[in-house]
Amino acid sequence: MTATVDPGARRAVVRQSLSVGVATGAYGISFGALAVAAGLDTWQAMALSLLMFTGGSQFAFVGIVATGLHAAPAAIAASSMLGIRNGLYALELTQLLGVRGARRVAAAHLTIDESTAVAVAQDEVRTSRLGFWLTGLTVFVLWNLSTLAGALIGNLIGDPRTYGLDAAACAAFTALLWPRLRDRDAVAIAVVGAVVAVLLSPTMPPGIPVVAAAAASLLAWRTPRREHA
Amino acid sequence: MSLWTALLVAAAIAFGLKLAGHLVPAHLLDAPRVRRITAALPIALLAALVATQAFTGPDGAFVLDARAVAVGVAVVALLLRAPFIVVVVLGAATAALLRALGWA
Numbered sequence: 001m002t003a004t005v006d007p008g009a010r011r012a013v014v015r016q017s018l019s020v021g022v023a024t025g026a027y028g029i030s031f032g033a034l035a036v037a038a039g040l041d042t043w044q045a046m047a048l049s050l051l052m053f054t055g056g057s058q059f060a061f062v063g064i065v066a067t068g069l070h071a072a073p074a075a076i077a078a079s080s081m082l083g084i085r086n087g088l089y090a091l092e093l094t095q096l097l098g099v100r101g102a103r104r105v106a107a108a109h110l111t112i113d114e115s116t117a118v119a120v121a122q123d124e125v126r127t128s129r130l131g132f133w134l135t136g137l138t139v140f141v142l143w144n145l146s147t148l149a150g151a152l153i154g155n156l157i158g159d160p161r162t163y164g165l166d167a168a169a170c171a172a173f174t175a176l177l178w179p180r181l182r183d184r185d186a187v188a189i190a191v192v193g194a195v196v197a198v199l200l201s202p203t204m205p206p207g208i209p210v211v212a213a214a215a216a217s218l219l220a221w222r223t224p225r226r227e228h229a
Numbered sequence: 230m231s232l233w234t235a236l237l238v239a240a241a242i243a244f245g246l247k248l249a250g251h252l253v254p255a256h257l258l259d260a261p262r263v264r265r266i267t268a269a270l271p272i273a274l275l276a277a278l279v280a281t282q283a284f285t286g287p288d289g290a291f292v293l294d295a296r297a298v299a300v301g302v303a304v305v306a307l308l309l310r311a312p313f314i315v316v317v318v319l320g321a322a323t324a325a326l327l328r329a330l331g332w333a
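So the sequences go chain by chain: D and S. Counting with our numbering, you get residues 1 to 229 for the letters of the first sequence. Counting with our numbering, you get residues 230 to 333 for the letters of the second sequence.
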């Protein structure tokens, strides 16, 4: 802990944090545009990025409320279930970061996919901490600025269907899902989730089939085949 | 429930989950089975979101239209390792083009 950080490792983590931050800032544009296409105003789109600050949950929330306010409870349920993973990241991070009080609250807000990924990829505690804070803050600033830009662009566009914004939401969810399909079990869970949701859609209110499809994750109950591979 | 109420409730839960992970003793969730299921949850939810947004109409019935083609194009782009924003723009452009041509 008292040893000085290797300047090369320090530069590497700074570069990594900034590039991850810039890349995710770009999603913010699509989020902002999709949020206003879903019927949110610019303030609501910005409030989500500022206060919820977890991309997957935000996309899910606006995707479901796009069908109408009656779907709000399902939107809350789906975004919350997607947010559970941040709690799991926090379990890993809290030891690593060693912070208390107000800093712990700030660390909690910045606990997302990207900051966790950069933090856990480092070999040393000090570079991990630097990676966490720098990635978290860069993503936070750029995500919020790009949400505003996206919302303003979205407001200029009339019917979202003309520019394919409804299809952009489908593509965004596909891109969020893609990196998680790492093995056969993950693909099986995705297929069951998708089929359940489509089969339930004609008979259930919007959003509820998505929440019901979460039950497909119980397939992970059984022991994976390649546990020690 | 107004949209603002729903939004603030959802944001409070999202923050509460993050904070809980920083406050709860780690061993409570250490069972491998619990970890596997919670890791699988986003997969099931995102797949269900893709399916309902791309393949169902306003009445919830199964439909194949420009959105399905857009998802196909998105998958090809992802196979070619395109970045997120490119995937999203290609998806939107595909649907917009098909609609402009009156094909879907």
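I should point out that these hints are in silico values taken from the structure, not numbers from a laboratory. Just so you know, not all the hints are guaranteed correct.
Footprint (simulated), chain D over chain S, 3 or more residues, beta carbon under 8 Å [said to hold, decoys possible]:
#1 242 to 251
#2 261 to 267
#3 272 to 279
#4 284 to 294
#5 298 to 305
#6 308 to 322
Some, not all, of what chain S presents toward chain D, calculated at C-beta under 8 Å [as the list claims (entries may be wrong)]:
#7 A239
#8 A325
#9 R328
#10 G331
Predicted model, so just to flag it, every value in this text is computed and none were measured. The beta carbon of each residue, even a glycine, is placed where N, CA and C say it ideally should be.
Evaluated hints:
no.	hint	result
1	242 to 251	holds (count 9)
2	261 to 267	holds (count 5)
3	272 to 279	holds (count 8)
4	284 to 294	holds (count 6)
5	298 to 305	holds (count 5)
6	308 to 322	holds (count 10)
7	A239	holds, 5 Å
8	A325	holds, 4 Å
9	R328	holds, 7 Å
10	G331	violated, 13 Å
Violated hint for the displayed structure: number 10, the only one.
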